[in-house]
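Sequences are here, hints too, so could you generate the full structure?
Here are the chains, one letter per residue:
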Amino acid sequence: MSKFKKKKGGELPPVNTASLPDIVFMLLFFFMVATVLRKNDLKVLNQLPPANQVEKLDKQRTVFVFIGKPGPNYKGKSREAIVQIGDRIVDVSEVKSAVLQEVQTKLDENLQSSAIVALKIDKNAEAGLVYDVKQELREANLPKIVFITTNGESVE
Amino acid sequence: MAKRSAPEINAGSMADIAFLLLIFFLVTTTIDKDKGLVRQLPPPLDDEIVPPIIKEKNLFVVLVNANNDLLVEDEPMELKDLRQAAKDFLDNGGIPAGQEGYCDYCQGSRSPSSSDNPDKAIISMSSARKTDYTTYIAVQNELGAAYNELRDRESQRLFGWKYTEVKAAIAAGNYEGNEEKAKEKLKEVRALIPFKLSEAEPQSN
Chain A
1 MSKFKKKKGG ELPPVNTASL PDIVFMLLFF FMVATVLRKN DLKVLNQLPP
51 ANQVEKLDKQ RTVFVFIGKP GPNYKGKSRE AIVQIGDRIV DVSEVKSAVL
101 QEVQTKLDEN LQSSAIVALK IDKNAEAGLV YDVKQELREA NLPKIVFITT
151 NGESVE
Chain B
1 MAKRSAPEIN AGSMADIAFL LLIFFLVTTT IDKDKGLVRQ LPPPLDDEIV
51 PPIIKEKNLF VVLVNANNDL LVEDEPMELK DLRQAAKDFL DNGGIPAGQE
101 GYCDYCQGSR SPSSSDNPDK AIISMSSARK TDYTTYIAVQ NELGAAYNEL
151 RDRESQRLFG WKYTEVKAAI AAGNYEGNEE KAKEKLKEVR ALIPFKLSEA
201 EPQSN
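Chains as they are written, first to last, in the numbering used here: chain A, 1 to 156; chain B, 1 to 205.
Note that these hints are calculated values from the structure, not bench results. Treat the hints with caution; some may be incorrect.
[Unchecked claim] Where chain A lies over chain B, by a calculated footprint (3+ residues, C-beta under 8 Å):
1) 12 to 21
2) 41 to 47
[Claimed, not checked] In the DSS-like style, the derived pairs of lysine-lysine whose C-alpha atoms are separated by at most 25 Å in a straight line are:
3) Lys56(A) with Lys181(B)
4) Lys43(A) with Lys134(A)
5) Lys183(B) with Lys144(A)
6) Lys77(A) with Lys106(A)
7) Lys144(A) with Lys75(A)
8) Lys134(A) with Lys96(A)
9) Lys43(A) with Lys130(B)
10) Lys134(A) with Lys33(B)
11) Lys120(B) with Lys33(B)
12) Lys187(B) with Lys87(B)
13) Lys57(B) with Lys33(B)
14) Lys56(A) with Lys196(B)
15) Lys56(A) with Lys185(B)
16) Lys35(B) with Lys144(A)
17) Lys80(B) with Lys130(B)
18) Lys106(A) with Lys181(B)
19) Lys196(B) with Lys185(B)
20) Lys33(B) with Lys59(A)
21) Lys187(B) with Lys106(A)
Ideal placement from N, C-alpha and C gives every residue a C-beta, glycine not left out.
Take a look at the structure:
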């Protein structure tokens, strides 16, 4: 009967972890490829509203304009919604020159003529300020704009 | 002398190092997902150009006040009804058959007091300065949806596919078939239902 005796100890054999580094490396490479390091240091609150009739954005010819109430990174005095272009806060009347400068420094030369302005506007901003910024963009001859939104239903 | 084999490097900590890097990239990753409503601004103001006269019936006026309420063609309206109202207006086709500008693909009620044809029909939106951006975007979204749905209907009728789907496929670069031809067809559909959404200066109240 000793044939059927259990082997001594009867402990579970340890799980082989030799392939663990490979798995982790695979994940690592995925995230390395998918990573875009944040270039803009946001100084405004930026919670985007939902919409569903959206189109994809062509990143290569896009400059960003942020609008919203001052966030924790903002050091100034203003309590009202402010406009951020690139890394700096600009006054509404300076939007035109700031955007044009941004287009010239950030975009590829042959894409500058077809630049798109992406507006990332906080959902609690007011339509009046948005209109003022749009007028500035109109003056700057940058007619193509995109209101960046999150994906979702806008009608309850 | 006996040959000594080279000592193996201990790879036990490899996983730890990889984990450390992995966690760094996990934290810094923001997966790109920027999408939005595309709009075209009018050219800069020119005083010499006299604005064309637009018949009142070809104008669909959408007003939003500071409390985010909608007034559409002088009637209060819920946001959820806006899309259908805009579609009805664009699709009306008021010019009777046989006359110039008759819209043979319109399926609307052909009321003489609403728009002549989709080419003449203009939606005018204006908001108050204090209107919430969320509401502003919701209204823009609904009006855009009205155009998109009509374009989908027309492309379905003419070519058997949906305008928005093909457009998205071309933009994403995974359209199967002749891209140039498809672009031509998209253009045709756009000519049938041109996007005419104008925005007036917000009122200060």
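Could you work out which earlier hints the structure fails to respect and list their numbers in ascending sequence? 6, 7, 11, 13, 18, 21
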